[in-house]
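Residue numbers (this note's numbering), protein chains in the order written: chain R, 982 to 1188; chain V, 982 to 1188; chain P, 982 to 1188; chain A, 982 to 1188.
In short, the hints are calculated from the structure, not lab data. Do not take every clue at face value.
[What the hints assert, rightly or not] Restricting the straight-line Cα-Cα distance to at most 30 Å, the calculated cross-link-like pairs of lysine-lysine (BS3-like) are:
| # | chain 1 | residue 1 | chain 2 | residue 2 |
| --- | --- | --- | --- | --- |
| 1 | P | 1136 | P | 994 |
| 2 | P | 994 | A | 994 |
| 3 | A | 1136 | A | 1033 |
| 4 | R | 1136 | P | 1136 |
| 5 | R | 1136 | R | 1033 |
| 6 | V | 1028 | V | 1136 |
| 7 | P | 1136 | R | 994 |
| 8 | A | 994 | V | 994 |
| 9 | A | 1028 | V | 994 |
[Stated by the list, open to error] To give a feel for the contact side, a few chain R residues facing chain V, derived at Cβ under 7 Å:
| # | residue |
| --- | --- |
| 10 | 1004 |
| 11 | 1118 |
| 12 | 1119 |
| 13 | 1153 |
Please read all numbers here as calculations on a predicted model, not as lab measurements. Cβ coordinates follow ideal geometry from the N, Cα and C atoms, glycine included.
There are 4 protein chains.
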Amino acid sequence: MTTRYAMLFFVTKGRLEAFTDAVIAIVMTIMVLDLRPPAGQGFADLKPVVPKLLVYALSFTFLAIYWNNHHHLMHVVERIDGRVLWANMGLLFALSLTPAATAWWGVHPGDTAPVVVYGLVLLLSAIAYFLLVRALLALHPVGSPLALAIGSDRKGRVSAIAYVAGIVVALFEPWIAAGIYVGVAIAWLVPDRRIARIIEGGEAADS
Amino acid sequence: MTTRYAMLFFVTKGRLEAFTDAVIAIVMTIMVLDLRPPAGQGFADLKPVVPKLLVYALSFTFLAIYWNNHHHLMHVVERIDGRVLWANMGLLFALSLTPAATAWWGVHPGDTAPVVVYGLVLLLSAIAYFLLVRALLALHPVGSPLALAIGSDRKGRVSAIAYVAGIVVALFEPWIAAGIYVGVAIAWLVPDRRIARIIEGGEAADS
Amino acid sequence: MTTRYAMLFFVTKGRLEAFTDAVIAIVMTIMVLDLRPPAGQGFADLKPVVPKLLVYALSFTFLAIYWNNHHHLMHVVERIDGRVLWANMGLLFALSLTPAATAWWGVHPGDTAPVVVYGLVLLLSAIAYFLLVRALLALHPVGSPLALAIGSDRKGRVSAIAYVAGIVVALFEPWIAAGIYVGVAIAWLVPDRRIARIIEGGEAADS
Amino acid sequence: MTTRYAMLFFVTKGRLEAFTDAVIAIVMTIMVLDLRPPAGQGFADLKPVVPKLLVYALSFTFLAIYWNNHHHLMHVVERIDGRVLWANMGLLFALSLTPAATAWWGVHPGDTAPVVVYGLVLLLSAIAYFLLVRALLALHPVGSPLALAIGSDRKGRVSAIAYVAGIVVALFEPWIAAGIYVGVAIAWLVPDRRIARIIEGGEAADS
């Protein structure tokens, strides 16, 4: 790898990260535009805001998880190509649908359709992230830090299955589906130890 | 080129890229604010959201293409002046009209005027990008990587012609115009090989 | 600390700062979307905009204070871990509630509930910042620049008490609570001298 | 100036620039949210959009001018302190009022009050920029590149006078005031040659 290629790579990786950060930051933040202040001026008027706030907190958490995992993932990335750029755009598109799904669910917290649609957006985001990981794995050899860090991606697979289960369950019991989504979020709140482990291992246990 | 000038150049280029990224990221993302959740709470209420979602996906793709091409273009840029800064601002202005055009088309998917206006925004963006490229070519000698990378810019010219054709066709058959826009987007989904080729060629010293 | 670890640290710290900046910048700026132009076209129509503008100015100031303090804090940070990343996300979540609280108060400037809610958002943000500082202190030894810079965090503690006082007072006299919030903002307008002192002291080697 | 101080300075300057860029990018872009698509679906329905589009283009240009000048200004900055950070926040606050003024004027293009308010926002931004320049001059010696670059700041003073004139004239003839604002924008479209000259001079005429 020549110096010039390395510099181009770091520029590309840096700009990809910066762009991803900007989009995720905006997606996270514009959701707050749907936390409209109530028409009245009393505490009782806050009641319809409560479910919106809870759904917002859940969506904020999911987006924070994606930012966190994307950040850890990029640490061990050594190559990027056009397919990676587009897979990343696909992830950003999927994540950008979160505010609309959040807004709908927040207004109709106990209904089936919004909970199904919310689950579909979660599933779409998980698939997009999976495709981004595949695009990166295609560029990195089997023994690379990235390949080791990803491993069998069990957590990602289980999450996708949980989303599908949530979507199906939502057709009968929306509140149980909501519980499944919350459970997945909690499971991910711990940052991806696989990649952290590889990084620390690479440091020869000096951290 | 002295070291100090080089540093100033990299700072300017970096800040120009960062600013461009921020604006494109915001333009991409605020479009989602028009994906308003439906008034009702059933699946049938999603019907008017479908055309909005499709137009949003198309606009997201066009903006992603511009980000991608801008990114590849900047790789081979060696000089920047005031005219480049303003040409870039012109591009950002043109791209910033995308959400309004998207919102109008999404509500009236089969009508003439929104499809014409959408095509005009695409055409304006293409012209602005063309002017940015011209401003850059004026600063780079004939044999420079940038000049080689741009070449005759056939893809850019054909796209502009396609937009004009789409605008004219939309006066009679909006759906055919929509097909033309989608076709241009697909043609650009592949990143600009011309510039990628030059970069890679420069690495192997066989360009 | 190996070179590779140091590089990873600077990348993480840089990306954390950039992401924080993006979210704070968006939160600050989308508040202006609630400064809707009046329906009429005369000067008298501006009257309902005045309280909105004043509350916006106050919220802008609080967010600027957080940006400033976050910036000074990060100067002396030498380590970051997953807990810090999540504590930072918690701070961003708390700050992201500012626009909704601002919008409500701006429409009902003399009412109790909006002033209480505004104070709760201030308090939540202060608690989140406190938890971020704790997460950082857990990573830095007692004599580190960060630990010295934080010290007993008197200003932070007094502010939190003032917010609680403001919330309680607002139940009886909203305008006095507003005065308390403004007072805290003024007290913080001076950048955090503790950290600035440490930095400057480190320069002159007399700390 | 020790190496550590220099690094802190570059970090601060970089983060200040990045934050400023983010806010200006958002302010520029959220204005497009007021370019609401017309209710109807024909070309005639676009008529009320035209004045909005023109005012948006003017505001976009003013913000682009501020970005450009801020960028050139920061090139020659060698020191930053807390006062500079706050003066910069003041500038961002003033600029953030642009979308509201733009939205009001766009709906009532021929009325007095919106044109006066628009001029007041321009004047406020000019004053804030002036205060930022003063804060920077207080940190840089008389013969510094920054001091030489600013000089007597004639263009800035004349612009402020023009805004005052526009505000007064708007009380009688809004359209003439609009012409004055456009004139100032055109005068600034050329990037600040004073600073560019100093930079190029510092390069010993090798650019």
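Outcome of the hint check:
A hinted pair counts as satisfied when its Cα atoms are at most 30 Å apart, and residue 1136(P) with residue 994(P) qualifies at roughly 25 Å. A hinted pair counts as satisfied when its Cα atoms are at most 30 Å apart, and residue 994(P) with residue 994(A) qualifies at roughly 16 Å. The hinted pair formed by residue 1136(A) and residue 1033(A) meets the criterion: a straight-line CA distance of about 28 Å does not exceed 30 Å. Between residue 1136(R) and residue 1136(P) the alpha-carbon distance is near 43 Å, which puts this suggested pair outside the 30 Å criterion.
Note on residue 1136(R) and residue 1033(R): the hinted pairing holds, with a Cα-Cα distance of about 28 Å set against a maximum of 30 Å. Note on residue 1028(V) and residue 1136(V): the hinted pairing is violated, with a Cα-Cα distance of about 36 Å set against a maximum of 30 Å. Between residue 1136(P) and residue 994(R) the CA atoms are separated by roughly 40 Å; this puts the pair beyond 30 Å, and the hint is violated. With a C-alpha separation of about 16 Å, the suggested pair residue 994(A) and residue 994(V) falls inside the 30 Å cut-off, and the hint holds.
Of the supplied pair hints, the one linking residue 1028(A) and residue 994(V) is violated, its CA atoms being roughly 39 Å apart against a limit of 30 Å. Taking 7 Å as the C-beta cut-off, the interface hint given for residue 1004(R) holds, the closest approach to chain V being about 5 Å. With a least beta-carbon distance of about 20 Å to chain V, the hint placing residue 1118(R) at the interface is violated under the 7 Å criterion. Proximity of residue 1119(R) to chain V is violated relative to the hint, the smallest CB-CB distance being about 16 Å (cut-off 7 Å).
Annotation: interface hint on residue 1153(R) violated; nearest CB of chain V at approximately 15 Å, more than 7 Å.
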